[in-house]
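Trainee: Protein chains in written order, with numbering that gives the first Met the number 0: chain A, 0 to 349; chain B, 0 to 349; chain C, 0 to 349; chain D, 0 to 349.
Hints were generated in silico from the structure; no laboratory data involved. Some clues are possibly wrong.
What the hints assert, rightly or not - DSSO-like, lysine-lysine: derived pairs with alpha carbons at most 27 Å apart:
| no. | chain 1 | residue 1 | chain 2 | residue 2 |
| --- | --- | --- | --- | --- |
| 1 | C | K249 | C | K302 |
| 2 | D | K249 | C | K249 |
| 3 | A | K3 | A | K77 |
| 4 | B | K302 | C | K249 |
| 5 | C | K249 | C | K3 |
| 6 | B | K249 | A | K249 |
| 7 | A | K302 | D | K302 |
There are 4 protein chains.
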Amino acid sequence: MNEKIPVAVLGSTGSVGQRFVQLVSDHPWFELVAVTGSQHRVGKAYAETCHWILPEPMPEAVREMKVVATTPETVDAKLVFSALPSAVARDVEPVFASAGIGVCTNAGAYRRETDVPVLLPEVNPDHIRLIERQRAGRGWSGFIATNPNCTSTGMTIALKALQDAFGLDTVMAVSLQATSGAGYPGVPSLDIVDNVIPYIAGEEDKVEWEPRKMLGSLNSGEVEPADFRISAHTNRVAVSDGHIVCLTVKLRRTATPEEAKEALASYPLPDVCRDLPFAPVPVIAVREEPSRPQPRLDRMTGKGMTTVVGRIRPDSVFDLRLIVLSHNTIRGAAGGSLFNAELLVREGYL
Amino acid sequence: MNEKIPVAVLGSTGSVGQRFVQLVSDHPWFELVAVTGSQHRVGKAYAETCHWILPEPMPEAVREMKVVATTPETVDAKLVFSALPSAVARDVEPVFASAGIGVCTNAGAYRRETDVPVLLPEVNPDHIRLIERQRAGRGWSGFIATNPNCTSTGMTIALKALQDAFGLDTVMAVSLQATSGAGYPGVPSLDIVDNVIPYIAGEEDKVEWEPRKMLGSLNSGEVEPADFRISAHTNRVAVSDGHIVCLTVKLRRTATPEEAKEALASYPLPDVCRDLPFAPVPVIAVREEPSRPQPRLDRMTGKGMTTVVGRIRPDSVFDLRLIVLSHNTIRGAAGGSLFNAELLVREGYL
Amino acid sequence: MNEKIPVAVLGSTGSVGQRFVQLVSDHPWFELVAVTGSQHRVGKAYAETCHWILPEPMPEAVREMKVVATTPETVDAKLVFSALPSAVARDVEPVFASAGIGVCTNAGAYRRETDVPVLLPEVNPDHIRLIERQRAGRGWSGFIATNPNCTSTGMTIALKALQDAFGLDTVMAVSLQATSGAGYPGVPSLDIVDNVIPYIAGEEDKVEWEPRKMLGSLNSGEVEPADFRISAHTNRVAVSDGHIVCLTVKLRRTATPEEAKEALASYPLPDVCRDLPFAPVPVIAVREEPSRPQPRLDRMTGKGMTTVVGRIRPDSVFDLRLIVLSHNTIRGAAGGSLFNAELLVREGYL
Amino acid sequence: MNEKIPVAVLGSTGSVGQRFVQLVSDHPWFELVAVTGSQHRVGKAYAETCHWILPEPMPEAVREMKVVATTPETVDAKLVFSALPSAVARDVEPVFASAGIGVCTNAGAYRRETDVPVLLPEVNPDHIRLIERQRAGRGWSGFIATNPNCTSTGMTIALKALQDAFGLDTVMAVSLQATSGAGYPGVPSLDIVDNVIPYIAGEEDKVEWEPRKMLGSLNSGEVEPADFRISAHTNRVAVSDGHIVCLTVKLRRTATPEEAKEALASYPLPDVCRDLPFAPVPVIAVREEPSRPQPRLDRMTGKGMTTVVGRIRPDSVFDLRLIVLSHNTIRGAAGGSLFNAELLVREGYL
């Protein structure tokens, strides 16, 4: 890498957009050259139009950058990170891809498409090859690569380690999700102070199919979803960042908690991801204390990229119970997309 | 009822003890005549020694009452409500029972004994008859009757309606529990502000066997636990009162969500409970909105005695998913014990 | 009162509007006959269009009521409660007043008008007579009567007791305000979980002049603002309901904390308010414990209408320091407006 | 600095003790060689006996360190950091000082002694010379140097800038304090979820005299307290870290908000503190946004050592109002003590 790759953030002023801007600004490979926003923000300085809500300060370099419209013409970059709302992403992302631009997106719009990878480099780096079919089929010189939903992310990484070691039969998942997952302004405080909301629109559906696609195998250019069942409850709790998922798992081959611990703790970073700047170190951290992981204490493990697992114990109905924690706006959104982009660059897709 | 029954609260200064004092003070049948406490409180006025933490004001009548030691000699009552810690309850409650006093207890010490009922009048009023065996076997003229753990309470009431209508095969339960369940001082604020604690010592075990005992059948003086399996995860969240339980249920006979809704909403109060002052009206309230029940909005349904159920929907692995909410210090503790006492009075056990 | 007075709630679906609907529904004098809302809600059943956010259930009688437009023609009532946003209230409330309808409003639009009372029946019931000037000057047969800002409310009631007893020279006020004061959706949870926002737009200004108007004297049809100085800081904290104000007060005649306590605790309800359904009992409750009042424990004192005062202590710069708590959506908004309406009915303004 | 200075942490397992351990472990000058604790912890590995509550991981080097008793004999260090409770500190700290050990303490026990500095290197580095009198008078070869209370810290730094530029006449301070200031377990969650506690035992007294000592001048070996008045209200809110103080200030020479902003933003680090590892950069950060500083967003400014000021605006009674934020366990406790130690090392007191 002699020269940094110019990149842009689409939908840069929302909560995930801000996280992209913050993480990209320090990136050793990428240089932020454009930020896009809604029509009423276009032409304004980023610092002026963006209500910054991250604890980390707004990067100096972006403060005076003028927000531009979300079109390939206004964005001089070969790689863009998309934090667009799904409905907008559906129309806009293909325009970028067909203009020869690589789109690494947090939006859910294209995750279900059979020629679009839902990518976690720790889990399914080979799915990147769907892009070849995508390009052939759609006539694009760019591409769309998605990261999964923030709740699917951590649990899929943990499930991958179990799948490799023991096979998966059935997964029951119940989430306790942070409010940052709903964006900004997102969840009204009257709904969450001294409260739980046992419902997140559309979330359970995503949690029930995304892991199966990611854990599926790529055969002759198609992903065959992994053959196990998932059931999910998703809940919102009064936490700022960090999603907890309570997993109850039936394996193909039974395993003791100790064996599962070993499988999780030793789950390796795939060779192809070695030394990528956003590769989690370790991929999975296993906590031994009875009451960990906890969002406030553990979400920043591995700079927010590590999946933290704890309370691995036997189950009275299935085989195992465990708790998974993942930082929802870093590993589960912007950081995940950056990690995807790094893999795509290394593999020559740019 | 011409005259009120004199009652005492054992362990009256803790958080459940306070709830007993508050609820008993308005009770149409009972009159609070004594409050007990630890040695260092004995002789002090209740208002002076008790750090009152309920939003409802301390009842006037108790303010000047002198705290007495927790012995039958110092308590002139035929019925006592016990909010003692389990380890203390184990030693003290039998002393009261053998002195001819009825003990309605929130402590877990005797719940596993085969001659002690774990009682929810909506669910297993017939289990009250275990007391006959208890008296015969132990030579007591009083008795010990327990209410279940606060998390077991709501879910067992909902499960009873499903058991009656469709039979139960397997139950997966994941709780999101209020901090009041841990007493006072209980959960440190540093552990719960912007956080979740995915662990409550001893709780999962209770949630996995108590419902089976309560839903079991009484045959020749013994309870045969109901024949279904339960698995539980229990979590603490930043809520003051009101436990949420996410249930995923496999039934003996499959049922549509509509049929389940009907079974839950129409679950009747047993005849023997009719018009008891603490009988919940309705027993189960079914909410139709997608995001209900919520602790802050729904915990006081039916004066905190009603079990609130919502999000009844099909499951992709088992048959049904639903959300149960129950007020943990009213229905799940002091209010539950009062309701038990009412049933015991009506049935002539006093 | 033989027959109930028909009333309507303007802007009935927002958070204050809901509180009006809830409190009016149980009112012994008033009968809710209409609820108004924005154009896109008109014609829909209240239960269908309103996202109800109160812990108290939506009153049965309003569920099927069709929302109507906010015009005198669509509302068949002689008295309306307005929860309109200020900008809308400015245009709409005079239309009602000139149509002969009494408007009791929580909106701030007309509070500064010299012929409009900012009314707290405990404090300045005589200011009601401004309405005569209002009617004469504007040619209205109806009227507009306002209640103060939710933060001004509690502190003004406490200051009134001190003013009467000792005179006021200077007041320093720092508030810790609940999020319900910002309406719904209002404060985003990401702004308030594990956080404080030391700013509320426009609030400090209101807190600095409203008390002086209310504590001023009515001379020949004009209110001369009370002659003392106020300085305010206003903060938002993670509380659902109940505003705390820390007051530091310089008096005209010095007073000991004991004297101040006596003046506050014995502050009488004005004769003209006696037995009004929403009259607070007591007007001011003085707590003796060092750490009270607290929002969660004390906000519902006197059904949410009582002003709770504590920590009355000497000050090293001025004379006294004290803490004031008031329920911001009951005493400080809808309940306050209802109390005003009761006074207006009794005094023959309807 | 060729070799690191061996240091110990007294009272190492509490919340401030942990912060000391965490911050010292990365320190370029100091090497942690001993951790002390209560009798029941002595001999146990730190990782085994300490319930670690910081989001930052426990430093590897300390995990296996055996906890020792809090005596000079068991601690082979010339410098110790004390996180002892005040009552213990009163007895133990002099034992260390008389054994020739420098004690940098967060405990309040000796702050009022006329020969003990309450030290903020940004503010009163010259007060360090009190130690000469302390040694002469008490016959110690070591010393005790204290940092102020966590709430006094940030406000005193801001006040120093105003004092230098305009002189101080009167200060009204109202705090909104984080729960970590109360240690662990500290504030029960039932006291703070959906609540404010308008009282912190002993705190207002400290806030009213500590700033005057620190802002006083050292004349012939004695500190003459600065001649201005302070009045304080102190409140606990549901924030994990970061104390907000609302200040209303009367100056000797009046100043516009712009002049005050300039004085605060340009307040220099004293020369003697230049390049000390824990010196804040900048000393004071001035935020221009209307709603800043906020604890969650701004507490980590300058690695938690910078004092953040905002909302500098005129006051209607005094001259200025402003908001001050300071990280209470870093700048206001362990980090402050480390900064003091650095100054003491540089000035040759070790």
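Trainee: Each hint needs a verdict: does it hold in this structure or not?
Mentor: Now for the hints, and whether the structure bears them out:
1. C:K249 x C:K302: The hint is violated at about 31 Å.
2. D:K249 x C:K249: holds (15 Å)
3. A:K3 x A:K77: The given pair, whose Cα atoms are some 12 Å apart, holds under the 27 Å limit.
4. B:K302 x C:K249: Measuring from Cα to Cα gives roughly 45 Å; hence the hint is violated.
5. C:K249 x C:K3: The given pair, whose Cα atoms are some 46 Å apart, is violated under the 27 Å limit.
6. B:K249 x A:K249: holds (15 Å)
7. A:K302 x D:K302: Given pair K302 (chain A), K302 (chain D) holds - Cα atoms ~16 Å apart, limit 27 Å.
The structure fails hints 1, 4, 5 (numbered hints given earlier, in ascending order).
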